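A.B. asks: Construct the complete structure from the given sequences, taking the supplied hints into account.
Residue numbers (our numbering), protein chains in the order written: chain A, 1218 to 1466; chain B, 7 to 256; chain C, 7 to 256; chain D, 26 to 287; chain E, 10 to 317.
By construction, these hints were calculated from the structure, which means they are not laboratory data.
What you are looking at is a predicted structure, and each value in this text was computed from that prediction instead of being measured.
Incorrect hints may have been included.
Derived lysine-lysine pairs resembling DSS-like cross-links, with alpha carbons at most 27 Å apart [to be verified]:
(1) A/K1454 / B/K132
(2) E/K14 / E/K62
(3) E/K112 / E/K141
(4) E/K301 / A/K1260
(5) C/K213 / B/K174
(6) E/K140 / E/K119
(7) E/K300 / A/K1260
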Amino acid sequence: MSRRALATHLFTLLFLAAWSLAAWFSPAYQMPGPWAVLQGAWKFLATPNLLLQLGASLYHVAAAIVLSFVLGCALALIPYYFPVARIAVHRRFGAFLGSFPGVGWALLAGMWFGINSISVIFAISAVLLPFALVNLNSGLNNLDAELMEMGLSFTRSRARTLRRVILPLLYPYLFATLRLMFGVAWKVTLAAELFGGNSGLGYLINLARQDYDTVTIFVIIFFIIVFVYCAERFFFKPIQARFDAYAKI
Amino acid sequence: MLELRDVMVELGGQQIYDHLSFQVSRGEFVCLLGPSGCGKSTSLRVMGGLLPIAGGSVRIMDQSPADAWSKLAYVFQSPRLVSWRNALENVVLGMELRFGAGSAASRRDKAMELLSLVGLAADTHKYPSMLSGGERQRVAIARALAVDPEIIFMDEPFSALDPSTRRKMRTEIEQIWRHTGKTIVFVTHDVDEALQLADRIILLGRKPSSVQENLMLKASRPRDPGAAELAAHRARLLDTYASDEAVAET
Amino acid sequence: MLELRDVMVELGGQQIYDHLSFQVSRGEFVCLLGPSGCGKSTSLRVMGGLLPIAGGSVRIMDQSPADAWSKLAYVFQSPRLVSWRNALENVVLGMELRFGAGSAASRRDKAMELLSLVGLAADTHKYPSMLSGGERQRVAIARALAVDPEIIFMDEPFSALDPSTRRKMRTEIEQIWRHTGKTIVFVTHDVDEALQLADRIILLGRKPSSVQENLMLKASRPRDPGAAELAAHRARLLDTYASDEAVAET
Amino acid sequence: MPRSEPRAPGRGGRRDRAGRLLGELVVVAFLAIWWATARGLPSFVLPGPLAVAHRLLQLLGEREFLANALVSTVRVILSVLIACGLGGLLALAAHTNPAYDGIINERIKPFLNSFPSIGWAILASIWFPSGNFGVVFVQVAILTPFCLINIDQGFRAIDQELLEMGRSFTRSAPRIWLRIQLRLLMPFILSAIRISYGIAWKIALVSELLGAPNGLGYMMLQAQSTAEAVTFLAVCFSIVFIFVLGDRLVLVPLERKFPVSR
Amino acid sequence: QGAKKKISYAYLLDPAYDAVVWAINNGKVKSDLIDIEARSLAIPQLLQATASKQYDVIMTAVIGLPAAASRGLELRILNTALQQAKPGLGGGVWVKKDSPLQKPQDLKGKTLGSYSLRSTGYTQVRIALQKKYGLNTALEGGDFRQLQIPASNLPAALARGSIDAATLIHSQAYKAIQSGQYRTIAETARDNIEMFKVQFVSAVNVSYPEKLQADAQAYMEFIRMFKASVDYALSHRDEVFNAVAAKSGLDAKFFDWWFTNVANVPGDFRQEQAKSIDKFYELSAELGVLKKAVPVEPFLWDKLHIGA
Ligand SMILES: Nc1ncnc2c1ncn2[C@@H]1O[C@H](COP(=O)(O)OP(=O)(O)OP(=O)(O)O)[C@@H](O)[C@H]1O
Ligand SMILES: Nc1ncnc2c1ncn2[C@@H]1O[C@H](COP(=O)(O)OP(=O)(O)OP(=O)(O)O)[C@@H](O)[C@H]1O
Ligand SMILES: [Mg+2]
Ligand SMILES: [Mg+2]
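C.D. replies: Below, the structure written as C-alpha cells:
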C-alpha cells in the first residue's frame, strides 16, 4: 500500500472515530452514530417504497443534468457563432437565470407545468443551466487562437472544426461543468423536494423531520454520499486521469 | 495562380504593409526571405485568408482566399500540434478536418507513411509534450503533406532541424514538388536553403514592407551550392540584407 | 566548472542517454550540436537541475545543480513568454523571479536596454501574441541576459532570425561573453554559427546519445568563416553527421 | 492595458446596437410570458410583473427589507471569501503532498461535494446557537467543494513549460507562486468565486433555515408561508438585482483584469 | 438582583401570530423576572429548532409530541398555542368557483392538495372527511389522491387545475374568500366540533424537562406574560391589528376574522384541552398517523396549573 493510500484510509478511520465520539455525546434524535446509520441503511434497502423514492431523486437529478447540460452547451455556442446574441444570452438570460432563486423557479414551474416531476426537473435545470453557460463561455473565450487558426487552415467547415478542435479544447471545461452540475444538482434537488416535492429523498427527509427521525435523515445522507463517491471514483476520476496524462511534460 | 496586389495590412495600429504586390505561378517554388518581423508569416496568413486585409486584393487561382482554402495547406512557424493527440493522430487530424468522415485505417497508413518520410517512424505514439522541438516541426510538416494540397505554405519549417535531417528533408520536399507539380511558398532565413530550393526568391524589406528583390534562379537541379551563379546570388542577397540594415540603423 | 559524468536519463520508458559525460570550463563558449531529438535540450535541462537524472552525476562549480541555480539562466527552445505581460514586462519578470522585490524603475530601464540590444526597442509594449516568431525569441534572450548570470544556456536562440539579425546577435553575444567572462553553452544546428562562436564544439550522436566529437577551436577572433582551419572542421563535422545518418539508416 | 481590438466603426456599432436590442427583446419576451400567465389570476396566486415591480419599489423604501438585504449580502460575501480561501488551501495542500492528495481528493472532496445542504443545516443547528455564525458555517460548507474542485482544476491546467521557465530563474517557491502560478490560477479562482457567489444566493434560503430569523432567505420563507406571492417574487427579483450588481461591479472587472490570454 | 433571565421563544411564522406576541415585543407586557425574546420561524425551522433545543420555549404541533418522545426527545407542554375557534372556519376543503365538485363525496377519484400530509391540521381534515363524509382517506389506496404541495403553490395549482381541491389555511383562506374565485365544499373544523363536541388543539408551547427543572419560576412567568399578551391583543384590537397589518401588508380585518372564526389562542392549559388532545391522538391512531394512541398526560409539565 502506498503512503498515499495509507493516509487516505487512515483518514477514513479517523473520521469514523470522530463521528462515533460525537454521536456518543449527543442523543439519537440529534446525531446517530455510524452503526445506527448502517443498520438504518440496511432497513432502507429492504423497503421497496423507499427505494422507489431514491429512484425518483436519481431520475430528477439525471434528467435535470442532461437537460441543462445540453441546453447550456447549445446556448453557449449561439453567441460564439452569432455574436449579436451575446448580450441577450449572457447579460440578460444568463444573468437572470444565474441569480433568480431556485424556489422562485419552483413556484413558476408549478404554474406552468403543474405539480409533477417535470416541474421539479425544470426548476433544477433552471438553477443548473447558468453554471453550464458560464463555464462553457469561459472555455470558448479561452480557446487557443493558434490552434483555431490551424483548424481554419485545414477546413472552413464549422462542424468539423467544432468536433475536432473546439470540442477537444473544451473538454476540460465540459468535464468541470459536468462535475460542478453533479454537485449542485444533488443539493438543489434535495432542497426542491424538501420544500415542494411529493417524492424523492428530500420528501423523505421532510417526513423524517416531522417524526424527529434523525437516523433516517442520516441514512439518506449516507446513500447520497455513497452514490456521489461511486460516481467520483468510477466516472469522473478515470476521465480526469486521461486529461492529466497529456498535460504532463 | 497566386497574386497579391497592393495589399495593405494593419495590426494593432501598426502598418505592416502599405502596398505589397507579388505573384506566384503554378508549380513554382518560391522562397520568401526577409528580416525578422518584416511580415513573412503575415503574408502567408493573408494568402490563405486567415487574416483580413485592409486594402488591395488577393487572388488564388482566380478565386478569393475564402473560396480557395481547400487547395492550401500550412506548415506554421510554431508547430501547433494539439496536446490531446499523439504524433500519428495529429497527422490524421489534418485529414479529418479537411475531408470529414472517412476510412480511419487508410488515413493512419498514410499518416504513418508521411511520418516515416520525416524520420519519425519510431515516435508516432508520443504526445507533443514528449517530442523535441525538431520532432514537433516534422510532425507539422507531415500533417500538411497528408492532405495533398495544391499549394503549400511553409513557414521556416526546417529551422529546428540539424543539418543532416534538414538536408534530407529538403531533398524530400524537392522531390515531392518535382513529382507532383505542387506550388510551394517557403519562408526561410537560410539563404543557402533558398538558393538550393527556389525557382524564385522574394526578399522583403523592413516595415512597412515591400518587395526588395525578386530573383529568378535558373540553375538546373539538383543544385551544387558551390556553383558560380548561386554564389553571385548569395552575395547579392546578403548585400541587400546588409544595406537594409544600414537603412534601418540610420 | 560544469561537469557531467556518466549521466543517465530516461524519459517515458526510453533511454535518452546511458553514459553521457562532458565538461565545460569557466569562461568557455561551448556549442552543442547533434541530430534532432538526440537530447540537446534535455542535457541543458539536466545541467540546470530542471530534470532529475537516473544515474551519474552533475556538478556545477562544485555544487549540485539544485544549489547552483542562481548562477544560471536559460534561453529555452520555445520562447516561453507569459501571455499576460508585454515584451518589456516579460523581461522584467525574469529579474523579479530571480531577485525578488526591488526597484521597478531601474529594472524597466535595464529591460529596455536589453530589448534595444536585441533590436526590439519599438516593440516593448506588444504582448507575446502580437510578436513574430523571431521577436519572441529575442525577448526570451533579453530576459535571460537581464539577470546577468554566470552561465547561460541557450537552446537554438537564433533559429528564427534572419541572417542579418542573426549576425548582429552573434556579435552581441560574443562581445558580452568576451567582456564579462560568462560561460555559455549554446545549442545550435547551424555549423557555421558554431564554428564562428565556439571555443569548443561538442557533437552528440543518436539515441542513446554520447559525445561523438569534441573539437577545440583555436582560431583567433573575430573569425573569418572562410579560414582554412574552420573549413576543415566544418567538413569534419558534416561528415560525422552524415556517417551518423548512415548508421541510423542501416 | 487590455488590448482593444480596433473595431470597424460602422459595422461594429450597428452590431452592438442590434445585440442590445436583442437583449432587451429577451427581457420583454419574458415579461410578456409572465404577464400572459398571470392575467386573469388573483394576485395571491400569481401576481403580474407590474404588481411585483410595485412591491419591489415599496420594499426598497422599507428599513426592515434593507436591513435583511444587507445581512444576507454580508453573509454571502463572507462565506464566498472564506470558502474560496479554504478551497484554495485544500487544493494547494493536495498538490504539495501525495498523502494529502489522497485524503483531499478521494475523501474530503467527494464528501463535501455530496453532503446535502440540509445535513449541514442540521449539524449547524446542533453545534451552534442560531445566528450569523451558523448561517455562514452552512454556506461555507456548501460552497467549499465547488471552490476546491475549480481551483484544483486550475492546478492541473498549469502550463508546465512556464513553470520550468520560472524554476530556471529562481528556486524561491513564493516568487514562482506569486508571479506565475497564482496568475495562471487566477482565472480559475475567479470562476470559483463567481460560481460560489451564484450558489450562495441560491442556497441562502436553505442556510437561513436553521433559524436565523433575518436575511432575504428568511423573508422569502416568510412570504412563502403566508402565501404572499407578490412579496415572494419581489424578494426574488431583489436578489437578482443584488446579484447582478455584485457581478457587474466586482466580478466582471476582475475577470477583465486577469484574462487567460491576450 | 442580577440581570433578568432571558427566555427565547420561537413561534409559528404567521402574521396572525405576530399579533399574539405583539404586546411582548412592544413592551406592553412586562416582567421584572424575565425578558422574552420572541422569534417567528417557518414550520421546517420550528421542527429543526425543537430537536436541537435552540430555544427555551417553542411552539410545536400536537402531532409531533408522541413522535419526539419515541425518539427520546422529551417535551413538556406549557400552554395551548392554537386551538380551533368555535365557528370552525378557515380549515376547509377549497375548490375553484366553477368547479363541478359540490360536496366532499365528489372528491372520489379526484386529487386533493395539502401543504403537509402529516401535519396536525391536515390530519384534522382527514378525520372529518373520514368520519363525517365516509371517505376512505388512507394516504395510499384511499378514495382520492392526496398530494403534498408547498402552501404558496396551492392556489396556483388549484387555479391551473392540476389538483381538484386544496386545503387553504390562515391568511390564504382569507384571501381566497376575498378574491371570490374559490369556495369551500366542507368546513372540516366545524364538522369536527359538531361530531366530537371538542375544539381541536393544533399547537402547544413546549419546553424541555431539564430547562424547566432549572428555573421553574421563569417559565411560570413566561406563561403569565404570554397570556397577558394575548389578552392585550384582544382588548386593543385596533392598535395591535393595525400595527401588524401595516407590517405584513395584510388587511387589518383579516385579524378580526381570524381571531373570531378561525383560531383561539388560549395561552393557558385546561382540562378541556387535555381531553381534546386525547381525542385527537385516538383518532389519529385510527387513521394510522400515529402508531398508537397515547394520553397527553405524560407530556404535561408537572408544575403546570391545569384549569378546569
Ligand atoms: N496582433 C498584432 N498586433 C500588433 N502587431 C502585430 C500583430 N501581429 C503581428 N504583429 C507585428 O507584425 C510584424 C510582422 O509579423 P510576422 O509574424 O509576419 O513577422 P515575420 O516576418 O514572420 O517574422 P519572423 O521571421 O520573426 O517570424 C511584426 O513586427 C509583429 O510584431
Ligand atoms: N516526456 C518524454 N517522454 C518520452 N520521450 C521524451 C520525453 N521528453 C523528451 N523525449 C524524447 O527525448 C528525446 C530528446 O529530446 P530533446 O528535446 O532533448 O531533443 P533535442 O536534441 O533538443 O532535439 P531538437 O534539436 O529537435 O530540439 C526526443 O527523442 C524526445 O522524443
Ligand atoms: Mg514568422
Ligand atoms: Mg531541443
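A.B. asks: Take the C-alpha atoms of A/K1454 and B/K132, compute the straight-line distance between them, and say whether it is at most 27 Å.
C.D. replies: holds, 23 Å
A.B. asks: Are the Cα atoms of E/K112 and E/K141 separated by 27 Å or less?
C.D. replies: holds, 12 Å
A.B. asks: Checking one constraint from the list: CA of C/K213 to CA of B/K174, max 27 Å. Satisfied?
C.D. replies: The hint holds at about 19 Å.
A.B. asks: For a C-alpha distance cap of 27 Å, please report whether E/K300 and A/K1260 respect it.
C.D. replies: Given that 27 Å is the threshold and the Cα spacing comes to 19 Å, the pair holds.
A.B. asks: Going straight from one Cα to the other, do E/K14 and E/K62 come out at no more than 27 Å?
C.D. replies: Roughly 17 Å separates the two Cα atoms, so the pair holds.
A.B. asks: Sort out whether A/K1260 lies within 27 Å of E/K301, counting only the CA atoms.
C.D. replies: holds, 22 Å
A.B. asks: Hey, E/K140 versus E/K119, does the alpha-carbon distance stay inside 27 Å?
C.D. replies: holds, 19 Å
Checked against the numbered hints above, the structure breaks none of them.
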